[in-house]
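On the provided structure of chain A, position chain B with the ligands as indicated by the hints.
Respectively, the protein sequence lines represent chains A and B.
Going by the numbering used here, the first residue of the first sequence is number 180, and it counts up by one from there.
Going by the numbering used here, the first residue of the second sequence is number 674, and it counts up by one from there.
Some clues are possibly wrong.
DSS-like cross-link-like pairs, simulated, lysine-lysine; straight-line CA separation at most 30 Å [said to hold, decoys possible]:
no.	chain 1	residue 1	chain 2	residue 2
1	B	889	B	858
2	B	764	A	379
3	A	379	B	858
4	B	781	A	379
5	B	781	B	858
6	B	764	B	781
Reference excerpt, derived from the structure (chain A facing chain B, CB under 10 Å, subset only) [stated by the list, open to error]:
no.	residue
7	369
8	372
9	373
10	375
11	467
12	469
It should be emphasised that the hints constitute simulated quantities derived from the structure, not laboratory data.
Computed from a predicted model, the values in this text were never measured in an experiment.
Yeah, the Cβ is synthetic: ideal placement off N, Cα and C, and Gly gets one too.
For reference, the chains in residue letters:
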Amino acid sequence: MSSAAVHPFTVEPDPAVALTRPPVVVVDPVAVRRQRRRRLLVNVIRLLVLGVTLGGWELGVRTGHIDAFFVGQPSGVASQLKTWAQHGTEVGPLWTQVRVTLQEALTGFAIGVVAGIVAGITLGRVRLLAEVFGPFIKVLNSIPRIVLGSIFILWFGLGPSSKVALAVVLVFFAVFFNAFQGTREVDRNLVANARILGAKRRHVTMQVVLPSALTWIIASLHVSFGFALIGAIVGEFLGAQQGLGLLISHSQGTFNPNGVLAAMVIIAVVALLAEGAISLLERRLLSWRPPQLSGADL
Amino acid sequence: MDAIDLDGVTKAFRTPHGTYTALHDLNLSVPASEFCAIVGPTGCGKSTTLSLVSGLERPSVGHVRVGGQPVDGISSEVGFVFQNDAVLPWKTVLDNVSAGPRWRGASKREAVQQARDWLLRVGLAGFEDRHPHQLSGGMRKRVALAQSLINEPRVLLMDEPFSALDVQTRSIMSNELLRLWDLTKPTVLFVTHDLEEAIALADRVVVMTAGPATVKDIFTIDLPRPRSVQEIRFTPQFVELYHEIWQSLRSEVELTYTRSMTALEVV
Ligand SMILES: Nc1ncnc2c1ncn2[C@@H]1O[C@H](COP(=O)(O)OP(=O)(O)OP(=O)(O)O)[C@@H](O)[C@H]1O
Ligand SMILES: [Mg+2]
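Next up, chain B with everything else stripped away, as it sits in the complex:
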């Protein structure tokens, strides 16, 4: 049984100028505990795919299943690290991270204890009492990560979680993520623009077409684990995979680019 299953999914949004089809006949299955990366040109429908899996949106056509169950609203099994900052600005770091367990019924003591553990794990011990605006962008991302992971979700959706970070912090965070993933082995759906990041982290890389998105190719990344994301990119196998996947992605990126240019000309 697959942890995530998207079956013939189409998603159309209503817009002022009629409907816009973001996803068209998308089929994707992710087995339990797999780390699956999604790459695709900007605006193709990657975030939309995650919001369908999370239950925040419903498909227009087709079926979405998580853990074999049809998605019907938000499931407690799912964690979601959003593309944009979504930590609560009026709560301290500690309150932000302990919010999940508190809302799920844990006692305050228990929740705070867990939150302290997770803050230690993401390297934010000592920042418990700060408000988000007093943190750097990278630190806020780590709060968001701890906030999601503390619930120990069986399915973890991540939408370009590291795109706001500088290159160094990013590779440190990637290693951290792999280490944390190894702890509880959730199924991960990881959206990124960075092909290197996708290959370094994932078991499989899914390439999406220019919108309306559907799966174009799926590549299995059989690089050995545990991996170090800094070093792995210099192995010949990595370079070869990169080349192969880029060939597939490139035409979609170019198509998106041409479209946006012609759209400009029309205007």
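Okay, chain A solo, but in the shape it has when bound:
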């Protein structure tokens, strides 16, 4: 949360205080300049690290120290992306592949998240259900679920449904365990207070337990979207007519490491965008929380 990290000498106008009196703004120009210079330094070093890595790789290939046939090369990846964008890929237009994978991942993500939240909170609230289903869920969670992908292809065919199903299964457990734990950790004092004030069971669930568990649930969303992407891509890998996973397996089949890497770059961009969207959602849903303490690394 870099935006919340305010230097101790900078008192930002607090909307709460602004109601009653003008905000006190104390800015230490020296500290601000020092902070800006530091951020610049960090970014310059980052660029250097990236440049040296990619440049070294490229150079290694060109001087013959690295075999481009096996590991590809940065310029090859770039031109591969360009070719795909301009002339389409071997399995169809690039945009279609991205859209198909994204659709599968998002659908699986949405279904898995909703199912995980509902199941987690229900089992967290109803002790009997938790006791009955606890062992089953543990067993299901302990098997490597990625293997289910093969079964789903047998069940649902080569279309998107088998990929969605795999994404759902991967997302569900991540969200479920967090929702369950979040429900169990709810402050008993808050529940007692709400009940005395007149809250019925469903009020407690929706207005006390759910918001309290949301901190946990949202934490799980960050990893779950990654799982949804993995589910979609592995599913496509196992058998599909379209999608980035198919593109990867096609590139693999034609000994084209640049193609595999180019697909990876696209997936990374998608994942980063999703991560940004989830962080935005987090900030909106959890706006009631006190801001993190500002200051240097503790």
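Same frame as chain A, now just chain B with the ligands:
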């Protein structure tokens, strides 16, 4: 008929090392509309007593009655201001205060209107849209107070409601409480560590023994009302009562202290 009646109540908790008896054979009756204060050494069982009256806990032995009815779960007649902060951090001040009426079936308009009235009464008008973390500790306590009082409970349980406040805010809040109490005259069971506060507010002060708690003494406070808690403590009658009750409380406090020291030595 008494508003609150605890009859031969024993409460034991299960702990990792067997059972712990928090209350032992406690008898206490509080007539309707009385302001009753409970004092006792720390950990003796005051909060436990309130949780039994509220229906959050059940007695192991004995009977608890509110308004003549045996307590069987949470009653809509009871309000409870908790020792720890219990306002919902994700709701605004207005939503926190209007929650009670909403949950009890009032329309949104009605509930919000009532909540605004109560926020005015506790001096929080203008803070409707803030979240609890944007308030001071004293303001949060006032939200909790408004939240409970808006339901107009016939029985109001208060567990050290002002202990987190500074001395000045505390006496202001105490006067406020007496004024609000006068409006609807609920029966109040008020737990405090502060003997002065207990005497200044209450009709009767109950002294509890060191745990397992039982009633040691009950003192009637026949100071005239309306009272001003700042001024009343300088009257000779107050000083005399204070001295008398402290004599009773002191030995229990000392006993608790000695116990905790010997417990340390054992460790
Ligand atoms: N749920 C519980 N399980 C086990 N022991 C408990 C439980 N609740 C309370 N106790 C024990 O019962 C005793 C009385 O607790 P209680 O909270 O009623 O004390 P108190 O008089 O309110 O103390 P304080 O003045 O410090 O708030 C304590 O020794 C406490 O450890
Ligand atoms: Mg207590």
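Against the structure, test the hints numbered earlier, and report the numbers of the ones violated in rising order. none
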